[in-house]
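Residue numbers (the working numbering), protein chains in the order written: chain D, 1 to 287; chain Z, 1 to 179.
Keep in mind that the hints were calculated from the coordinates and are not lab data.
Model, not experiment: these values are computed from the prediction.
Note that beta-carbon positions come from the ideal geometry of N, C-alpha and C, so glycine has one too.
One thing to keep in mind: the hints can contain errors.
Okay, derived cross-link-like pairs now, DSSO-like style, lysine-lysine, Cα gap no bigger than 30 Å in a straight line [claimed, not checked]:
1) D/K98 with Z/K67
2) Z/K73 with D/K236
3) D/K236 with D/K131
4) Z/K44 with D/K65
5) D/K65 with D/K98
6) D/K98 with D/K236
7) Z/K159 with D/K131
8) D/K277 with Z/K69
9) Z/K88 with Z/K69
10) Z/K101 with Z/K111
11) Z/K125 with Z/K142
12) Z/K43 with D/K98
13) D/K65 with Z/K67
14) D/K277 with D/K65
15) Z/K101 with Z/K88
16) Z/K159 with Z/K176
17) Z/K88 with Z/K142
18) Z/K101 with D/K65
19) Z/K111 with Z/K88
20) D/K98 with Z/K101
21) D/K65 with D/K186
22) Z/K43 with D/K277
23) Z/K88 with Z/K73
Have a look at the derived ranges for each label pair, beta carbon to beta carbon [said to hold, decoys possible]:
24) D/A218 with Z/E52: 30 to 38 Å
25) Z/R58 with D/I200: 46 to 54 Å
26) D/G174 with Z/E52: 41 to 49 Å
27) D/L259 with Z/R58: 32 to 40 Å
28) D/L207 with Z/R58: 51 to 59 Å
29) Z/A13 with D/L54: 35 to 43 Å
30) Z/L37 with D/L259: 44 to 52 Å
31) Z/L37 with D/I274: 47 to 55 Å
32) D/I274 with Z/L68: 36 to 44 Å
33) D/F255 with Z/A13: 45 to 53 Å
34) Z/Q56 with D/A195: 54 to 62 Å
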Amino acid sequence: MRFLATALSVWFLCLASALGAAGGDHVLPLDAQPLHNLLPITNSTVMVWIAVGLIVLFCRAATGKMTLVPVGFQNFAEWAVESLYNFLENLMGPHLTKRTFWFFGTIFFFILVTNYLGLIPGVGTVGWYLKDAAGNSAGFLPILRGGNADINMTAAMGFTFALLWIYWAVTENGVGGLAHHIFAPKGNFSGIMRAMMIPIFLFVGVLEVISIAIRPVALSFRLFGNIYGGEQTLEKLMTLVPEWLAFLPALPFYFMELLVGFVQALVFTLLCAIFLKLICDHGDEHH
Amino acid sequence: MFSVLAAAAQSNAFETIKDTFGLHGAYFAAQVINFFLVVFILKKFAFGPIQEILGQRRTRILEGEEKLKRIEKQLADSEATTAAAIAKANEEAIRLIAEAKEGAAAFAEQKSQEAIAHAQQILVKAEAAGNADRERISTELKREFGRLVAATTSQVTGKVLTADDQQRINEEALSKVGN
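The whole structure should be built from the sequences, with the hints applied where relevant.
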């Protein structure tokens, strides 16, 4: 029964999305389009605000009247938060999780909500065609755009994590400890062997610094690419068949996008957690 | 995508990527603010209260576990105390029953002896009463017999008997009757 309901929901999503996409051959632009000339508001920002609003509503419903015996939304919210907390605790340990859960929890739930909101019919497909002064087509402007289909959003999260990563790494290890963690020789070398290892590990440390610097870029583009690519796939598939049948090719991919939305939220959170764990791990020197 | 990479290789890579993907300082800053807005909301209205209530529940569970252990210990102590009390009561009961049996046996023996003694007394008394009655009846019979003999003798002989005669006849008749 539950499977049937899920299948029907996805089917209706496809149908509605196909109806939204029908009526013109448009391509979702790579960049988010501004909706206001002065304020930095894009169609993606609006989706993020909608996500924020939904999160607020859910939080109020779940934690407005909390009881020791949970019911309804509170039960679900507790299950979700506790499951994620325990998952991160197993990964990073109790100390780091207690200290950083506010960030990782936010990252996971925010990405998840934003990804799923991007699958709502009309997002990325309902808009208007732009024309230049000469009356030629100048692209398509969707009213709404998936929050994570905007590099500014994913970069905001990636670089915020990078800054927090540096802060947590320094506060956990100290500046010297952090430098030692990156550049110092690993393993039990002594004598001439140790002396020979120092330049090698210095070089490895430089590579590590480059790797650390690239991480937020990789995080940003991985999430952006997956979500933008998913939206593009759905739209393109709808144009492969006649309009009245446009929903059909996208149908299986809607299931996949539901999975991708969750997996990408988990991957982003997991990678951030692992990066932090690696730099704050005092017991294991291996990277 | 390849054209983007090719362009990046030929010119300033960052500028190319920035222009292609629409990375914009103001939009970036706006999304950072949005992100921290979400952080604030979730921390204040979701993670904070939920973790607090989870902590409260954990504390209550731990307290419950402690109470359960205390109750189990008290129960075990109580069971041991009860078992000891039952064993002691059992011993006491056995002792009391034994004492009661001994007391009952002594009492029965005493009462039996008393009954025997009482029965013997009754027999002695009955025997004595019987002897006395027999003696009295014998005396009365002798007296009546003497009187009858004297009266018969007086009538047969037509003689008025004196007291001495009567006495003598009585004695003679009684001597012949015997005891």
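Results for each hint:
For a cut-off of 30 Å, the pair hint linking D/K98 to Z/K67 stands: about 28 Å separates their Cα positions. The straight-line distance between the Cα atoms of Z/K73 and D/K236 is roughly 71 Å, outside the 30 Å bound, and the hint therefore fails. Distance restraint check for D/K236 and D/K131: the Cα-Cα separation of roughly 22 Å lies within the 30 Å cut-off, and the hinted pair is therefore satisfied. Simply put, Z/K44 and D/K65 have alpha-carbon atoms about 14 Å apart, close enough for the 30 Å limit, and the pair holds.
Restraint check: the Cα-Cα separation between D/K65 and D/K98 comes to about 24 Å, which is no more than 30 Å; the hinted pair holds. This hinted pair does not check out: D/K98 and D/K236 have alpha carbons roughly 44 Å apart, beyond 30 Å. A threshold of 30 Å between alpha carbons decides the hint, and for Z/K159 with D/K131 the separation of about 196 Å lies outside it, so the pair is violated. Only pairs whose Cα atoms come within 30 Å are accepted, and D/K277 paired with Z/K69 is rejected, the gap being roughly 38 Å.
This hinted pair checks out: Z/K88 and Z/K69 have alpha carbons roughly 28 Å apart, not beyond 30 Å. Our distance criterion of 30 Å between C-alpha atoms is met by Z/K101 and Z/K111, whose separation comes to about 15 Å. Note on Z/K125 and Z/K142: the hinted pairing holds, with a Cα-Cα distance of about 25 Å set against a maximum of 30 Å. As the CA atoms of Z/K43 and D/K98 are separated by approximately 13 Å, the hinted pair is consistent with the 30 Å bound.
Pair hint D/K65 plus Z/K67 holds up; C-alpha atoms about 28 Å apart against a cutoff of 30 Å. The straight-line distance between the Cα atoms of D/K277 and D/K65 is roughly 35 Å, outside the 30 Å bound, and the hint therefore fails. Note on Z/K101 and Z/K88: the hinted pairing holds, with a Cα-Cα distance of about 20 Å set against a maximum of 30 Å. A hinted pair counts as satisfied when its Cα atoms are at most 30 Å apart, and Z/K159 with Z/K176 qualifies at roughly 22 Å.
A C-alpha spacing of about 79 Å is found between Z/K88 and Z/K142, which places the hinted pair above 30 Å, so the restraint is violated. For the proposed pair Z/K101 and D/K65, the alpha carbon gap of about 74 Å is over 30 Å, so the pair is violated. Distance check on the hinted pair: Z/K111 and Z/K88 sit about 34 Å apart at the alpha-carbon level, beyond 30 Å; violated. Taking the CA atoms of D/K98 and Z/K101, the gap is about 77 Å. The hint is violated against a cut of 30 Å.
Taken as a hint, the D/K65 and D/K186 pair is broken in the structure, with Cα atoms around 52 Å apart against an allowance of 30 Å. A hinted pair counts as satisfied when its Cα atoms are at most 30 Å apart, and Z/K43 with D/K277 qualifies at roughly 22 Å. Restraint check: the Cα-Cα separation between Z/K88 and Z/K73 comes to about 22 Å, which is no more than 30 Å; the hinted pair holds. In this structure the supplied range 30 to 38 Å holds for D/A218 paired with Z/E52, their Cβ-Cβ distance being about 36 Å.
As the Cβ distance of Z/R58 to D/I200 is approximately 48 Å, the hint placing it in 46 to 54 Å holds. For D/G174 paired with Z/E52, a C-beta distance near 32 Å fails the hint of 41 to 49 Å. Between D/L259 and Z/R58 the Cβ separation comes to about 33 Å, which falls inside the hinted range of 32 to 40 Å. A hinted range of 51 to 59 Å is violated for the C-beta pair D/L207 and Z/R58, which are about 43 Å apart.
Between Z/A13 and D/L54 the Cβ separation comes to about 37 Å, which falls inside the hinted range of 35 to 43 Å. Taken as a hint, the range 44 to 52 Å is violated for the pair Z/L37 and D/L259, whose Cβ atoms sit roughly 28 Å apart. A beta carbon spacing of about 26 Å between Z/L37 and D/I274 contradicts the range 47 to 55 Å that was offered as a hint. Checking the proposed 36 to 44 Å range against D/I274 and Z/L68 shows it holds: the Cβ atoms sit about 39 Å from each other.
In this structure the supplied range 45 to 53 Å is violated for D/F255 paired with Z/A13, their Cβ-Cβ distance being about 37 Å. About 57 Å separates the C-beta atoms of Z/Q56 and D/A195, a value consistent with the hinted range of 54 to 62 Å.
Hint compliance for this structure: hints 2, 6, 7, 8, 14, 17, 18, 19, 20, 21, 26, 28, 30, 31, 33 are broken, all remaining hints hold.
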